[in-house]
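So the protein sequences, as listed, match chains A and B. The first sequence begins at 182 in the numbering used here and counts up one residue at a time. The second sequence begins at 564 in the numbering used here and counts up one residue at a time.
Incorrect hints may have been included.
What the hints assert, rightly or not - In silico lysine to any residue, SDA-like type, Cα no more than 25 angstroms apart, as pairs:
#1 A:K297 to B:R954
#2 B:K909 to A:S538
#3 A:K297 to B:L732
#4 A:K235 to B:R954
To be verified - Sample of chain A residues at the chain B side, in silico, Cβ under 7 angstroms:
#5 P199
#6 D261
#7 N287
#8 Y402
#9 Q405
#10 Q408
#11 A460
#12 T464
#13 T511
Derived by calculation from the structure, the hints in this document are not laboratory data. Given the structure is predicted, the values throughout are model-derived calculations rather than measurements. A virtual CB, placed ideally from N, CA and C, is assigned to each residue, including glycine.
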Amino acid sequence: MRANCWLGKGTVDVLDVPEPRILNNHDAIIRITRTAICGSDLHLFNGFIPTMKKGDILGHEFMGEVVEVGREVKNLAVGDRVVVPFPIACGQCNACHDGAYSVCENSNPNAGLAEKILGHAPAGIFGYSHMLGGYPGGQAEYARVPFADVGPVKVPAGMDDEQVLFLSDILPTGYMGAEMCDISPGDVVAVWGAGPVGQFAIASAFLLGAERVIAIDRLPYRLQMAQEKSGAEPVNYAESDVREELLELTGGRGPDACIDAVGLEAHHSSPPAYAYDRAKQMTHLESDRPFALRQAIRNCRNGGTVSVIGVYGGFVDKFPMGSLMNRSLTLRAGQCHVQRYTKPLLERIQAGQLDPSFVITHRMGLDDAPSAFETFLNKEDECVKVVLTP
Amino acid sequence: MSTRLPHDDGQSRRSDSVERPGDSERRDLGERLSQGLSDQGAQRLGQQDGLGQDARSDPDGRFAQDRSADHDVPGGRSSPSGRRGQASRPGRPGAEFLRTALGWFSLGLGATEISAPRSLARTLGVHDSATNRSVLRLFGVREVAAGVVVFVSRRPERALWGRVAGDVLDLSALGLALSRYRFHPRSATRLSVATAAVVGCTVLDVIAARKQAAMTEAERRTAGSRHPAHATARATIRRSPAELYEAWHDFERLPRFMYHLDSVRVVDGHSHWKAKGPAGTRVEWDAEVVEDRPDSLIAWRSVNGSQIDNAGCVRFVPAPGDRGTEVHISLDYNAPGGPAAVAVAKLLGEEPGQQIADDLRRFKQLMEVGEIVRSEGSPAGARASNQLHQRPAQPLG
């Protein structure tokens, strides 16, 4: 089959690889009908996530048709159309029992490796390094899906692939980002990053009752999308002072909640500030450059909440702990517990409360994956989200 | 609560501290294991003359054992035997430290002689000639070999006498050099310093060899070429203590999640274990269950004449709330080859501590989801030794 493989920092290519087969009795094999490139795939592409290996198949946002099931699979049958959540979760351990699927205790066979880097091990993730399991991803024609009874959500007849594809990751991730803000009536929420996850965090914040949502980015077309599709108030950090703007927009209070939908490869409007963290990153003195996170913490109102859904890999420098502590902020974070949100969000899509397909700007074939990565990485052609069809 | 050994007044000694669940069991077991293994050593030599008893009735010794239990270190086999040695022949406990130190010194010096003969020649004050470099390299090879033998030999005193012979060679080479460079004051001074250092080494080698020769077989068994090592692992499993106890007690089926085991056969209360040892070797031993408390604890140890002395225990403690069961494993074993071998095994992911951690991950998976979870990068499932050489995350084909 054809699959988009990571071949080293800055290089991916679509190669012929063997077709997957059942390894565990709870597996299903999916013939992929739609797959997407995630912003977090760019962290892999740019070499910021450790324990990648040449030949790893990328992709953790995919859906398709079940073509084979293992002996123990009860809820799925051949022919079912399913969307697959990106974290792999067993459904049986204490974490899964508590709904914390992205920290499943059984789905990461390389948990020992992750423990060395992170302290405790999170769940396995499709196509996202060996520290997170060494599972092939879904930018391919077929994929093996472990614990097929727990993750995959069946797509009701009559719904488009594009309407439901993002239940695999970015829609629930944005939603969880907003949910972690514990939004109450009258709240103003600021979202750093108007990429696909940021767009859904903005939409979700409104769904959960935010009075106003402020979108912060440097790309006018993304800010425009946030404004037009969800009603966010744009702040372009390349053109104006974020602190001034936030104070002005909130009467000096600061946003009640701040969402970091950027993560470890943030940009900064000031070249010296950017150069400082970039240099530390290049010399491995820090692995992640946390401009957005620093700004979110410093600008949040006293007693407010900072919600982190942008991906971080290791260690950050100049973390404003004093601001966090002295101002009674709450910091919440997590890889999305997708399995928790798939059904309620599917219902919202069915009810017409939101149509996630608005973020799609590029539709390409799987074989175009290498050029799609470049387009997405360089924000060419007003790219927001690329969907690939195998 | 278990049957306490007559001398055990653990509860009263620990009255000032908070007793965690399982603390007293752990303490009991630690003492039992340590006594069991010292008894075994003594029995092997037919010298059950009260030495072991002395150690047990020694209040300080008991305190030491108890302290080791506090730190989750049941066993502490080296301490009872060390104490015995101290009581009967003062100074003997230094034997192992000296042997190890000299072994490492040999390896370090040898490596320097082989890799940096030029700078060494300059340091010694002799010409940096091809001949001198070759001589230094040859001496380096001899030095490394001597170091290795000191570590792995079953008769370390012979290896140490071998070092003394090497020292004599070194001294004669230095003497030769001294006579040649006697009119070069700078060189002569440096060579004299080197000679003094080698004389010092020779004295240490002789002391170490004599100390080793004075060690009994039993002491060597516990402290000599075999080193007592301790490993622990724990996990919380969302199943009842009874289910987990029952699954673990099915010894013959342990190899399905303990990958280093080839087979376990239970015959007349004993079990025969076959396992993969380091570097493709095979090891076998017989074990007996020394304590068996349904739904809460299984403790075992190898019996006399085993290739690998080991003792271990698994405890099943109900986790707070509705969180299942905490499983605690503790393992004591003699590591052939000593700390160096343990370090190498660790790098390869084959050190018993890593193995039981992996075993426990797989046991948890078996009990919670019914199978061992595999990925294309790690097709065998959780295994420390596979983390270094992962397959790419691509279908197996």
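How the hints compare with the structure:
1. For the suggested pair A:K297 and B:R954, the alpha carbons sit about 20 angstroms apart, so the restraint of at most 25 angstroms is met.
2. Our distance criterion of 25 angstroms between C-alpha atoms is broken by B:K909 and A:S538, whose separation comes to about 50 angstroms.
3. Between A:K297 and B:L732 the CA atoms are separated by roughly 47 angstroms; this puts the pair beyond 25 angstroms, and the hint is violated.
4. For the hint linking A:K235 to B:R954, the alpha-carbon distance of about 9 angstroms falls within 25 angstroms, and the restraint holds.
5. Nearest Cβ of chain B to the Cβ of A:P199: about 3 angstroms, under the 7 angstroms cut. The hint holds.
6. For A:D261, the shortest C-beta to C-beta distance to chain B is roughly 21 angstroms, which exceeds 7 angstroms, and the interface hint is violated.
7. Proximity of A:N287 to chain B holds as hinted, the smallest CB-CB distance being about 5 angstroms (cut-off 7 angstroms).
8. Because the beta carbon of A:Y402 sits about 34 angstroms from the nearest beta carbon in chain B, more than 7 angstroms, this interface hint is broken.
9. The interface hint given for A:Q405 is violated, since its Cβ lies 37 angstroms from the closest Cβ of chain B, which is over the 7 angstroms cut-off.
10. With 7 angstroms as the threshold, the beta carbon of A:Q408 stays out of range of chain B, its nearest partner Cβ sitting at about 39 angstroms, so the hint is violated.
11. Interface hint status for A:A460: violated, as the beta-carbon distance to the closest one in chain B is roughly 31 angstroms, over 7 angstroms.
12. With a least beta-carbon distance of about 26 angstroms to chain B, the hint placing A:T464 at the interface is violated under the 7 angstroms criterion.
13. At its closest, the beta carbon of A:T511 sits 24 angstroms from a beta carbon of chain B; the interface hint therefore is violated under the 7 angstroms criterion.
Going down the numbered hints, you'll see the structure goes against 2, 3, 6, 8, 9, 10, 11, 12 and 13, while the others check out.
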